[in-house]
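There are 2 protein chains.
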Amino acid sequence: MIKKYLMTPGPTQIPPEVLLAGAQPIVHHRTAAYSAIFSRVLENLKHVYQTENDVLCFTSSGTGAMESAVVNLLSPGDEVLIASCGKFGERWRDLAGVYGLVHDYLEFEWGRPVEPEDIEKALRSSANYKAVFVTHSETSTGAVNDMQAIGAIVEDSDAVLVADSISGMGSAELKTDAWQVDVVVAGSQKALMTPPGLAFASVSDKAWAMAERSKLPKYYFDWRKARKALAAADPQTPYTPAVSLIAGLDAALALIREEGLEKLFHRHRVMGRACREAVKAMGLELFSPDDDRSSSVTAVRVPEKIDDKQLRRLTRDKYGVQLAGGQGPISGKIFRVGHCGYYNYSDIVVALSAMELALRELGFQVDPGAGTARAEQIFGEEGI
Amino acid sequence: MIKKYLMTPGPTQIPPEVLLAGAQPIVHHRTAAYSAIFSRVLENLKHVYQTENDVLCFTSSGTGAMESAVVNLLSPGDEVLIASCGKFGERWRDLAGVYGLVHDYLEFEWGRPVEPEDIEKALRSSANYKAVFVTHSETSTGAVNDMQAIGAIVEDSDAVLVADSISGMGSAELKTDAWQVDVVVAGSQKALMTPPGLAFASVSDKAWAMAERSKLPKYYFDWRKARKALAAADPQTPYTPAVSLIAGLDAALALIREEGLEKLFHRHRVMGRACREAVKAMGLELFSPDDDRSSSVTAVRVPEKIDDKQLRRLTRDKYGVQLAGGQGPISGKIFRVGHCGYYNYSDIVVALSAMELALRELGFQVDPGAGTARAEQIFGEEGI
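Line by line, the protein sequences are chains A and B.
Counting from 14, one number per residue, gives the positions in the first sequence under the working numbering.
Counting from 14, one number per residue, gives the positions in the second sequence under the working numbering.
Bear in mind the hints are in silico, worked out from the structure with no lab data behind them.
Any given hint could be a false lead.
Note that identical chains are pooled: a pair holds if it fits in a single copy or bridges any two copies.
What the hints assert, rightly or not - Derived DSBU-like pairs: lysine-lysine, alpha-carbon spacing no greater than 30 Å straight-line:
1. K100 with K346
2. K231 with K241
3. K17 with K143
4. K238 with K346
5. K238 with K322
6. K322 with K241
7. K231 with K100
8. K238 with K318
9. K346 with K134
10. K241 with K100
Looking at chain A on its own, in the form it has when it is part of the complex (with noise of 0.2 Å):
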């Protein structure tokens, strides 16, 4: 009898209240029943997100949303400013590539943040960046972004600021408006606590002005259409939602609602650290910063003579619990555990104690409990 854990950065595990709200008959996406259930969900979305603006939702993974960023911001040809530091930053690149524009690639290394100042400089070198693309929460190294300093120098440049919070919203705190992120993308499968299959796109008053005079060609993600079925007297999108993944997300951001801001963000900051310190207490290194900005991911270097397919095999094989291993460049370097969404103490000191138990059977010398001893101290300090 093995019992599941899944400790992946995406997707993630769902409240047994979140998949019954998926299991109920679907409501018709055309009626008032449907748009009541939807504003409610675009009203909760704003809360989260902490802005006033418009957040339009599409049916599609996260990508989409991020795709649909470039193509109704931007024209053939437009110079953009990209910030990378991980597999998702990446994204970003090949995104401008495939639209054909001309962009500028800063590239930190794997593992550590963006520096805001390198951005500064750029922004300083050209005036005619008309986006600045950066990732808020690498999913594929626990690195997450100063988002508040990076918004603070994006405002006073003619271009828009647009943030791929896939992995953060909702546990990697994001204030939208206060920060002055444009645009903001989410999608369902991670702090969310929804299965996957949304994605979402907050856009600003400056990112609207600049979408009005897009030319690149869009449809399917054309936000002006999906705006327009906002603003509906009853709220829609322009073509069939996901309605069972909508009915969750109502579930699941009721659940946010009832834990309040505060609190979601302080359980998700202390769960970050509580797996970091208990990381390090087990003699293994941290691959993603160290730094209290870390709440989705943890990253940690495959210790060596370790092989880390075997190491994930045997945990989530033998013990249940599943984490992510590394993506490109440091694959098998690295494996991940997610903590955004539906965690807390309890998930954290089962994921450790399987990576105990596992990296004990594969021969690295770590006492039994050092890492779940050292999480509880954090955990009685911090409070759950």
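Given chain A, work out where chain B should sit, using these hints.
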């Protein structure tokens, strides 16, 4: 106590097995466990599609998969032919416009099918068409086009034939390979008995050859990336799929396999015929063609002096039966009964009964049971 009957042509009713499969804990999408489910889904989709071609799977509405066909097959300035007989035929034209294609638009009266001969004439008049876009099942009117005849015509040209079978796949038979339909687009939320959020596109060798040369920009809907992910030892999608909907679809396709394609299409054909005959017996006029292909949707003209919205509000709020209205230029002039998917004789009888009750209440002269009696005759004759 009102029992609810969703009788719209998408979203449709969902079998409890499918709802519960979608409510299971999330299986991570980069695991062999997920690929086992996904492989089975792909194999069963091919069975319903009656194809050996690749079937690509996207997390989006059906419109997303339609857009994928345009951007993956074509290059700016390519000439295409569009044959339209309703709202969803217009969507091909809109997509062609957005992507800068030179498009000839054959428009047929709403409520009538496309004339294959006109496609033949157009193909004879120009050898430059790269693609022919047709709606298989025109959800807005109930018309189902003769894809066998159209396939035989387009086969002899250099153009690929692309069909929107979003409301047809699994209810109005389409023999993808035998009828030489190069690309067939479908969605999860109609006859495939799954909540909305998944869309599919089958791709023939002729279409792949064209896709290799296509220059329109694409990212999220990139077919070649999707094919590469499918070809892995553990088949995947390039981006996080809607895992819970895939689990639901797996359960739905198992039900379809259990029923068998012959019974599946017989059931739909009989529901369509029973609905049409009953509507006529009630003294109403059909809007959808009165032919055996019209097995997904029955469209009915709203009688004079009856207000469409009032009628549908009454069937829904008092009798629990949700019907669909008309779209675009025929809004208010027709209503539609959807019967593609998880429907059988019992739903048809209830829908007809609600129509009779509501129509009588609104002053329309119809004998109680006139429609249901006629439907029962058909079910008796044809078997259910």
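A quick look at each hint next to the structure:
1. In this homomeric assembly, K100 and K346 come within 30 Å of each other (Cα to Cα) only inside a single copy, at 14 Å, whereas the closest approach across copies is 53 Å.
2. In the homo-oligomer, the alpha carbons of K231 and K241 lie at most 30 Å apart both inside one protomer (15 Å) and across protomers (24 Å), since each shortest distance falls under that limit.
3. Neither within a single protomer nor between protomers do K17 and K143 lie at most 30 Å apart by alpha-carbon distance, with minima of 46 Å and 51 Å respectively.
4. Proximity of K238 to K346 under the C-alpha cut-off of 30 Å is restricted to the inter-copy arrangement: shortest distance 25 Å between copies versus 44 Å within a copy.
5. In this assembly of identical chains, the alpha carbons of K238 and K322 lie at most 30 Å apart only when taken from different copies (25 Å versus 45 Å within one copy).
6. For a Cα distance limit of 30 Å, the shortest separation of K322 from K241 across copies, 23 Å, qualifies, whereas the shortest one inside one copy, 48 Å, does not.
7. Both within a single protomer and between protomers do K231 and K100 lie at most 30 Å apart by alpha-carbon distance, with minima of 25 Å and 19 Å respectively.
8. Taking CA atoms no more than 30 Å apart as the test, K238 paired with K318 passes in neither setting, with 54 Å inside one copy and 34 Å between copies.
9. When the C-alpha separation of K346 and K134 is checked against a cutoff of 30 Å, the pair qualifies neither within a copy, at 32 Å, nor between copies, at 62 Å.
10. Only between protomers do K241 and K100 lie at most 30 Å apart by alpha-carbon distance; the minimum there is 19 Å, versus 34 Å within a single protomer.
This entry does not satisfy hints 3, 8, 9, going by the numbered hints stated previously.
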